[in-house]
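Protein chains: 2
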Amino acid sequence: MDLNLPSVNETYRINTQPLSVPQRLLLGPGPSNAHPRVLEALRTPLVGHLDSAFLGIMNEVQDLLRYVWQTSNLLTVPISGTGSAAMEATLANAIETGDKVVVGVNGYFGNRLVDMAGRYGADVVALRKPWGQVFGLEELEATLSKHRPAILALVHAETSTGACQPMEGVGTLCRKYDCLLLLDTVTSLGGVPLFLDEWGVDLAYSGTQKCLSCPPGLAPFTMNERAIEKLNRRSGKVPNWYLDMSLVASYWGSERTYHHTAPISMNYALREALRLVAEEGLEARWARHRKNAEKLWKGLANLGLSCHVDEAFRLTSLTTVRVPKNVDAKHISQRILREYNIEMPGGLGELAGKVWRVGLMGYNSRSENVQTLLNALKNVL
Amino acid sequence: MDLNLPSVNETYRINTQPLSVPQRLLLGPGPSNAHPRVLEALRTPLVGHLDSAFLGIMNEVQDLLRYVWQTSNLLTVPISGTGSAAMEATLANAIETGDKVVVGVNGYFGNRLVDMAGRYGADVVALRKPWGQVFGLEELEATLSKHRPAILALVHAETSTGACQPMEGVGTLCRKYDCLLLLDTVTSLGGVPLFLDEWGVDLAYSGTQKCLSCPPGLAPFTMNERAIEKLNRRSGKVPNWYLDMSLVASYWGSERTYHHTAPISMNYALREALRLVAEEGLEARWARHRKNAEKLWKGLANLGLSCHVDEAFRLTSLTTVRVPKNVDAKHISQRILREYNIEMPGGLGELAGKVWRVGLMGYNSRSENVQTLLNALKNVL
Numbered sequence: 293m294d295l296n297l298p299s300v301n302e303t304y305r306i307n308t309q310p311l312s313v314p315q316r317l318l319l320g321p322g323p324s325n326a327h328p329r330v331l332e333a334l335r336t337p338l339v340g341h342l343d344s345a346f347l348g349i350m351n352e353v354q355d356l357l358r359y360v361w362q363t364s365n366l367l368t369v370p371i372s373g374t375g376s377a378a379m380e381a382t383l384a385n386a387i388e389t390g391d392k393v394v395v396g397v398n399g400y401f402g403n404r405l406v407d408m409a410g411r412y413g414a415d416v417v418a419l420r421k422p423w424g425q426v427f428g429l430e431e432l433e434a435t436l437s438k439h440r441p442a443i444l445a446l447v448h449a450e451t452s453t454g455a456c457q458p459m460e461g462v463g464t465l466c467r468k469y470d471c472l473l474l475l476d477t478v479t480s481l482g483g484v485p486l487f488l489d490e491w492g493v494d495l496a497y498s499g500t501q502k503c504l505s506c507p508p509g510l511a512p513f514t515m516n517e518r519a520i521e522k523l524n525r526r527s528g529k530v531p532n533w534y535l536d537m538s539l540v541a542s543y544w545g546s547e548r549t550y551h552h553t554a555p556i557s558m559n560y561a562l563r564e565a566l567r568l569v570a571e572e573g574l575e576a577r578w579a580r581h582r583k584n585a586e587k588l589w590k591g592l593a594n595l596g597l598s599c600h601v602d603e604a605f606r607l608t609s610l611t612t613v614r615v616p617k618n619v620d621a622k623h624i625s626q627r628i629l630r631e632y633n634i635e636m637p638g639g640l641g642e643l644a645g646k647v648w649r650v651g652l653m654g655y656n657s658r659s660e661n662v663q664t665l666l667n668a669l670k671n672v673l
Numbered sequence: 293m294d295l296n297l298p299s300v301n302e303t304y305r306i307n308t309q310p311l312s313v314p315q316r317l318l319l320g321p322g323p324s325n326a327h328p329r330v331l332e333a334l335r336t337p338l339v340g341h342l343d344s345a346f347l348g349i350m351n352e353v354q355d356l357l358r359y360v361w362q363t364s365n366l367l368t369v370p371i372s373g374t375g376s377a378a379m380e381a382t383l384a385n386a387i388e389t390g391d392k393v394v395v396g397v398n399g400y401f402g403n404r405l406v407d408m409a410g411r412y413g414a415d416v417v418a419l420r421k422p423w424g425q426v427f428g429l430e431e432l433e434a435t436l437s438k439h440r441p442a443i444l445a446l447v448h449a450e451t452s453t454g455a456c457q458p459m460e461g462v463g464t465l466c467r468k469y470d471c472l473l474l475l476d477t478v479t480s481l482g483g484v485p486l487f488l489d490e491w492g493v494d495l496a497y498s499g500t501q502k503c504l505s506c507p508p509g510l511a512p513f514t515m516n517e518r519a520i521e522k523l524n525r526r527s528g529k530v531p532n533w534y535l536d537m538s539l540v541a542s543y544w545g546s547e548r549t550y551h552h553t554a555p556i557s558m559n560y561a562l563r564e565a566l567r568l569v570a571e572e573g574l575e576a577r578w579a580r581h582r583k584n585a586e587k588l589w590k591g592l593a594n595l596g597l598s599c600h601v602d603e604a605f606r607l608t609s610l611t612t613v614r615v616p617k618n619v620d621a622k623h624i625s626q627r628i629l630r631e632y633n634i635e636m637p638g639g640l641g642e643l644a645g646k647v648w649r650v651g652l653m654g655y656n657s658r659s660e661n662v663q664t665l666l667n668a669l670k671n672v673l
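Those sequence lines, one after another, are chains D and Y.
When the letters of the first sequence are read in order and numbered with the numbering used here, they come out as residues 293 to 673.
When the letters of the second sequence are read in order and numbered with the numbering used here, they come out as residues 293 to 673.
With the rest of the complex left out, here is chain D (with noise of 0.2 Å):
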């Protein structure tokens, strides 16, 4: 050992306690709960990233991401951070300095979505609606027929509103005015209908915690040919190493190149939450997110409590209910978690203190799990 080391200094080598966490039934706009076969594969020992054993895993987990998307995109891969990163990527890779891009701006993520565009010197056009509402195809088409914009973005299914944006033609509309369709899936990848393809959506990012039961930590991201084609026309490089498309897909792809070392145990994770909506099918799992929602939305009304959506565009994966005249939303938060450790926190932003969010999500998703909310709620209002 080095005799000239400077002393070590010990004020941060604090005494830790074996971990302990108490066991929550996590009701809220996610992390979800993990399914326990998905935290049994994180505990599987490493391999190397670039271990044909790895490899494999790799196209397994690029295959399933494109069932449960319902695209064939080759470039489907899961983007080692977590959906805020996948959302940065959209982004970084399809925007180029000047570009207009219209964010659809119903929720938080709307409003993040400009936030990052703008930082990539997208000229940005927030179309802005009340939260909990949905754009509608007549306002979307006036809107890219005055702009003309490189990029539309939406949020399919807002985490802070509990609004799902019909998709129906919107895809036609984005060709016909020759823009791509970027799409925030990430609280509806694996528990609402959702069909990439078929609705022609160019971009789009996820997150694992939500419907897919697995921890957060990665971020599946799809780009299709026409938005590669729009990455491949840039005049320099992707201002963002990290997320740079054009690095990770030789990563990603058969050239196997390196770029970063991918996320090992997160991966096999992944595959087994994917494996679980692969075994149960993607018509089942939405039909009981919707049977479940359905049971909440019943249940709250027994309680006198409305929901804040609009049935017809409701997400089944996360409920926005409102919060009752003199009561205080917090409060009733803390006390559904202290005594019946049932995570179900309130709003954000516009919704603050207006609406608590209740997440049925993935594994989560189960007729008991709406009981036993309802039970708790009951008891505390």
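Bear in mind the hints are in silico, worked out from the structure with no lab data behind them.
One or more of the hints may lead you astray.
As the list makes no split between identical chains, a pair holds if one copy fits it or if it spans any two.
[Stated by the list, open to error] Only pairs whose alpha carbons sit at most 30 Å apart, straight line, appear in this in silico DSSO-like list of lysine-lysine:
no., residue 1, residue 2
1, Lys529, Lys392
2, Lys438, Lys587
3, Lys583, Lys421
4, Lys590, Lys421
5, Lys529, Lys421
Once you've looked at the hints, dock chain Y against the given chain D.
Below, chain Y alone, put in the same frame as chain D:
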């Protein structure tokens, strides 16, 4: 269920088997094998990312990172990505367009810093040396004096070459020439003596999958007050939302403002990995890495093999072994993997085909692993 839904395409609903991977001894450049206690922590059920139980974990992770890095920097956090994301975070936050940045390039990761810095609009000066050598104070001072950069970026532990950059005096130079000192500590953190504050390092990053014996997926990051002052003086937003430390700091700081959803399970794992370092103590851990590296070097010499880096500047966590004449490096790596389940890949870039890279990192730095590898090498050579 909506009757207007398209029918589901089953093409990518592939059949898969339960996860099964070979048991590898990962003695390459990383990932290294995760400690069994770390794998156990990984499968702990999730709590919410703003749950008070998780906030306590975040605080412990931050303190333990300060210990391992020997820094008292308030802004010391794991970035929710892999080491390359944290590398990019240091540059994205510190560089403003037009800033001059000097990068010491004596291996693969120096080149990566050059690429990334350019994407953030830096005027990059690459100070180049043959791979495996290190920079002396005189040449660093000559460069700082000539170019007067805003930032000097060096790689403490070059994973591609096995060289350890001496840091004594570099921080003083950087203060004399009024520039920030940015340091890559990916392959040194938790294995090789590292004194960030003592050395006057202003920004640093690392990975979890090397000497911390945690899976890849998080990336330690730290910046001190000097670096934060430069960040606060920026004229515009950081051109990277996910890695904008002014936002990330609010999430990890006392405000706990939502930014993104932290990878809960990976933070459980990192906490356990850091607890293991604190239990062992830094001095003992560094001494263990040295002892096992010296055993390896001696054993290699007995086999007639030589190391690429001068012993004075050789990393104890990663050794580059020269491939003897008339030996096919790749063929040997493949045999070692296939016949012994040991990962020991070859070099990159300038050193491709010329060296093997042997990592003895964290949990893997054990006498029996050295012996296992030496026996395997003896048999295949």
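Q | Ascending list of hint numbers which this structure does not respect | A | As far as the earlier hints go, only 2 is violated by this structure.
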